[in-house]
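Trainee: Construct the entire structure; sequences and hints are all you get.
Read off the chains here:
Number of protein chains: 2
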Amino acid sequence: MQKNFVLSTTDRHSKARRGQLTTAHGVIDTPAFMPIGTQGTVKAVTPRELRELDAQIILGNTYHLFVRPGLDVIKHFGGLHNFMNWDGPILTDSGGYQIFSLAKLRKITDGGVEFQNHIDGARAFISPEIAMEIQAALGGDIAMALDECVPYPCEYDYAAQSAELTTRWAKRCLEWKRRNGETAKRGLADSPDRRIADSMLFGIVQGATFDDLRKQSAQAIVDLDFDGYAIGGVSVGEPEEEMMRAVESAEPFLPRDKSRYAMGLGTPPQLLEMIARGMDMFDCVLPTRLARNGTAFTTTGTLNLKNAQFALDKSPIEENCACDACREFSRGYIRHLIKAEEILGLRLITLHNLHSYLNLMKRARTEIESGTFDQFRKAFVAGYKTRDPMMVE
Amino acid sequence: MQKNFVLSTTDRHSKARRGQLTTAHGVIDTPAFMPIGTQGTVKAVTPRELRELDAQIILGNTYHLFVRPGLDVIKHFGGLHNFMNWDGPILTDSGGYQIFSLAKLRKITDGGVEFQNHIDGARAFISPEIAMEIQAALGGDIAMALDECVPYPCEYDYAAQSAELTTRWAKRCLEWKRRNGETAKRGLADSPDRRIADSMLFGIVQGATFDDLRKQSAQAIVDLDFDGYAIGGVSVGEPEEEMMRAVESAEPFLPRDKSRYAMGLGTPPQLLEMIARGMDMFDCVLPTRLARNGTAFTTTGTLNLKNAQFALDKSPIEENCACDACREFSRGYIRHLIKAEEILGLRLITLHNLHSYLNLMKRARTEIESGTFDQFRKAFVAGYKTRDPMMVE
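Sequence lines, in order, name chains A and B.
The numbering of the first sequence is my numbering, which starts it at 1 and goes up by one.
The numbering of the second sequence is my numbering, which starts it at 1 and goes up by one.
Hints in this document: simulated from the structure, not taken from any laboratory.
Mixed in with the good hints, there may be bad ones.
[Unchecked claim] Some chain B residues near chain A, calculated using beta-carbon distances under 8 Å: (1) T41; (2) K43; (3) R68; (4) P69; (5) F83; (6) G332; (7) Y333; (8) H336.
[To be verified] For lysine-lysine, the following DSBU-like pairs were computed, each having C-alpha atoms within a straight-line distance of at most 30 Å: (9) K3/B / K215/B; (10) K306/B / K385/B; (11) K107/A / K339/B; (12) K306/A / K339/B; (13) K339/A / K339/B; (14) K306/A / K107/B; (15) K171/B / K15/B; (16) K107/B / K3/B; (17) K339/A / K107/B; (18) K306/B / K104/A; (19) K75/A / K171/A; (20) K362/B / K378/B; (21) K75/B / K314/A; (22) K378/A / K215/A; (23) K339/A / K306/A; (24) K75/B / K339/A; (25) K385/B / K314/B; (26) K339/B / K104/A; (27) K314/A / K185/B; (28) K306/A / K75/B; (29) K171/B / K107/B; (30) K362/A / K314/A; (31) K104/B / K339/A; (32) K185/A / K314/B; (33) K339/A / K306/B; (34) K314/B / K75/A; (35) K75/A / K339/B; (36) K306/B / K75/A.
Where is the CB? At the ideal position from N, CA and C, for every residue including glycine.
Mentor: As structure tokens, this is what we get:
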């Protein structure tokens, strides 16, 4: 496998890393935040706006796209990049997490997962190989191995069996990729099939909240030799300390020269804590989801813009913020829009929140380069007033 | 009163007119379409997008803004332009139409209208003078006199009395403006109060579907000498021929050197028919409202993008359309977004529909200048396949 990830700086006071991940659609500076494009769009945002926000990679949800519009449609349009008109890097998840959190009547066997989708209840079956086929059809730059994501809390025995199943599935995904990647190299240069050969595959570490299982899972997954590694099964309802520990247990076993992706989290302080623990990539629904509820992220915590206190407030969501929402509109105006259920209100908060997350990563990169990341992290976390990520002040 | 409207070309084969209306916030080329910014935003669109669409003027709804966020808020922000960050011309309606269509428990007397708003049921009273005060606080460039808009169908006697009431109210609005405009001229240069002096006031012709009442109303309103004239009480459910006749009955009594605004309509063919009957300005919710339902306007009719036939369609909403939605996205992708209830779907159709309406006006202006408007109108109307404006193919 070619070398996709280059580490340029490592922090002396923490495990923070500054790197670059090269994909077929461009380079990603890490630490990186990936806005989530669940159904073929980052909610309420155009690709042009994503470019203006300096988003370097977005995430596409395999399960959602498989259910609707369906693979035939995406294939017809030549893959997800063409379909949604986004020419930057895309990471596709395996669909596993959504099958376990959204779909109904799941039946898990060694072969794969049988489920009924949450839209029309149609039955479907996804195996590690099918998850790879679907992701190949989507044509993303980074695919994820199919895993089982167990809920919190989870019994030790089930977590142990499940992590082993995830390892067996991971191996099958890798085998599928090696087999089909070779075939694809002989295909047309720009076909989605050909893109399988150029794409990367990341393995996922599981093991719930058990240190030894996290360690075993990390070792087993790393032994298989993926292009990058993700920590899955975190941010599924466990206390924040458990989440940190799950990452700390697995991290020492991850190779330095591959990117590390902490899946599905978190708040701004959590991202900095994860960077300090050696994580490089993140995805999270919070900036877009909370925006739709009128909640804005700032460097000192969240603001619920529905609150009456903002009605006459002429200041922007955040002073000195360079996003379009802050340069052009007041809190009072945005509050009015949200109260009146105007789409422009959630558009503006979504822009601000994505800018806020992306800018935090940019800042983290600069601080790592300057050797001041750990001071920055401590000051940021200490100054951040909102503790509960879902708390609306 | 200063001369705000300059007529540059009149069509030899119809009553179509090409003109320019100068306001405190810029020049409007007529015929002009005004996107509707009901609650301080054109639904789902930013001011920047409106500028990119070449929208030269937008409409603000006095009733909606009076109810929410309320006048104190708008005054605190220095008027509607500042509040919503739109520096182009704004026309505010009088609030009358919404009181008659949305509010509850209305009681109309010569003094004004008492009503309960549709949001929290709070009682309020609007007189012609109060309608002017509210519009002065909003600080738009063109204010409308308070009128009574009768429903369709309407008895002759009620329509006659109502048109006379509208005339008495129109006179009081004009008197209020003369009185307060003089005072305002001595005020601060950029205060909202001062803007009353710079703003225009349009009178509204009523008379329901009765030719003699339309004629009498037009004469009475024109005698009062407004900055421009509107035809109200049209597009309230009457057959299209009645709507055309209402305008034809009033138009000969409107002065050539003032702008004419046909309120609250209509489909693209109706706009061209209205231009051919001597109308200059239009506002209509159709392009934004139908967009939210997945319906796109084209030069040959509407498309319901929810339809399965578009699932694999790689073409844009409309071939050769210069809007961002058509330059960057396919019907198939937009259909997926609408089916998946993604906000980006209605954003893209809204952009296209507004572009479509604004571009039709641009085309009409060019055709009038070239002396070919009437041919253009006939060909466009003949080629337009959707007859019912609300019809979803």
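Trainee: Taking the hints in turn, state whether each one holds.
Mentor: Quick rundown of the hints versus the structure:
Proximity of T41/B to chain A holds as hinted, the smallest CB-CB distance being about 4 Å (cut-off 8 Å). Hint on K43/B holds. Least Cβ distance to chain A is approximately 6 Å, under the 8 Å limit. Interface restraint check for R68/B: the shortest CB-CB distance to chain A comes to about 6 Å, inside 8 Å, so the restraint holds. Hint status for P69/B relative to chain A: holds, with the closest Cβ pair at about 4 Å, below 8 Å.
The restraint placing F83/B at the interface with chain A holds, with a minimum CB-CB distance near 6 Å, inside the 8 Å limit. Satisfaction of the interface hint for G332/B is found here, the shortest Cβ-Cβ separation to chain A being roughly 6 Å, below the 8 Å cut-off. Proximity of Y333/B to chain A holds as hinted, the smallest CB-CB distance being about 6 Å (cut-off 8 Å). Residue-level restraint check for H336/B holds (minimum Cβ-Cβ distance to chain A is 4 Å; threshold 8 Å).
With a C-alpha separation of about 25 Å, the suggested pairing of K3/B with K215/B holds against the 30 Å cut-off. Distance restraint check for K306/B and K385/B: the Cα-Cα separation of roughly 18 Å lies within the 30 Å cut-off, and the hinted pair is therefore satisfied. Of the pairs offered as hints, the one joining K107/A and K339/B holds, with about 28 Å between alpha carbons and a cut-off of 30 Å not exceeded. For the proposed pair K306/A and K339/B, the alpha carbon gap of about 29 Å is at most 30 Å, so the pair holds.
For the hint pairing K339/A with K339/B, the CA-to-CA distance comes to about 26 Å; that is within 30 Å, so the pair holds. Distance check on the hinted pair: K306/A and K107/B sit about 34 Å apart at the alpha-carbon level, beyond 30 Å; violated. For the proposed pair K171/B and K15/B, the alpha carbon gap of about 28 Å is at most 30 Å, so the pair holds. Taking the CA atoms of K107/B and K3/B, the gap is near 38 Å; set against the 30 Å cutoff, the hint is violated.
Restraint check: the Cα-Cα separation between K339/A and K107/B comes to about 29 Å, which is no more than 30 Å; the hinted pair holds. A threshold of 30 Å between alpha carbons decides the hint, and for K306/B with K104/A the separation of about 27 Å falls inside it, so the pair holds. Restraint check for K75/A and K171/A: the C-alpha separation of about 26 Å stays at or below 30 Å, so the hint holds. This hinted pair checks out: K362/B and K378/B have alpha carbons roughly 17 Å apart, not beyond 30 Å.
As the CA atoms of K75/B and K314/A are separated by approximately 12 Å, the hinted pair is consistent with the 30 Å bound. For the proposed pair K378/A and K215/A, the alpha carbon gap of about 27 Å is at most 30 Å, so the pair holds. A threshold of 30 Å between alpha carbons decides the hint, and for K339/A with K306/A the separation of about 6 Å falls inside it, so the pair holds. Taking the CA atoms of K75/B and K339/A, the gap is near 18 Å; set against the 30 Å cutoff, the hint holds.
At roughly 22 Å between alpha-carbon atoms, K385/B and K314/B fall within 30 Å of each other, so this suggested pair holds. A hinted pair counts as satisfied when its Cα atoms are at most 30 Å apart, and K339/B with K104/A qualifies at roughly 21 Å. In summary, the hint linking K314/A to K185/B is supported, as the alpha carbons are separated by about 27 Å, within the 30 Å threshold. Between K306/A and K75/B the alpha-carbon distance is near 20 Å, which keeps this suggested pair within the 30 Å criterion.
With a CA separation close to 21 Å, the supplied pair K171/B and K107/B stays within the 30 Å bound. For the suggested pair K362/A and K314/A, the alpha carbons sit about 28 Å apart, so the restraint of at most 30 Å is met. For the hint linking K104/B to K339/A, the alpha-carbon distance of about 21 Å falls within 30 Å, and the restraint holds. Proximity of K185/A to K314/B is assessed by CA-CA distance (about 27 Å); at most 30 Å being required, the pair is judged to hold.
Only pairs whose Cα atoms come within 30 Å are accepted, and K339/A paired with K306/B is accepted, the gap being roughly 29 Å. For a cut-off of 30 Å, the pair hint linking K314/B to K75/A stands: about 12 Å separates their Cα positions. For the suggested pair K75/A and K339/B, the alpha carbons sit about 18 Å apart, so the restraint of at most 30 Å is met. The suggested pairing of K306/B with K75/A holds, with an alpha-carbon distance near 20 Å, which does not exceed 30 Å.
The earlier numbered hints that this structure contradicts are 14 and 16.
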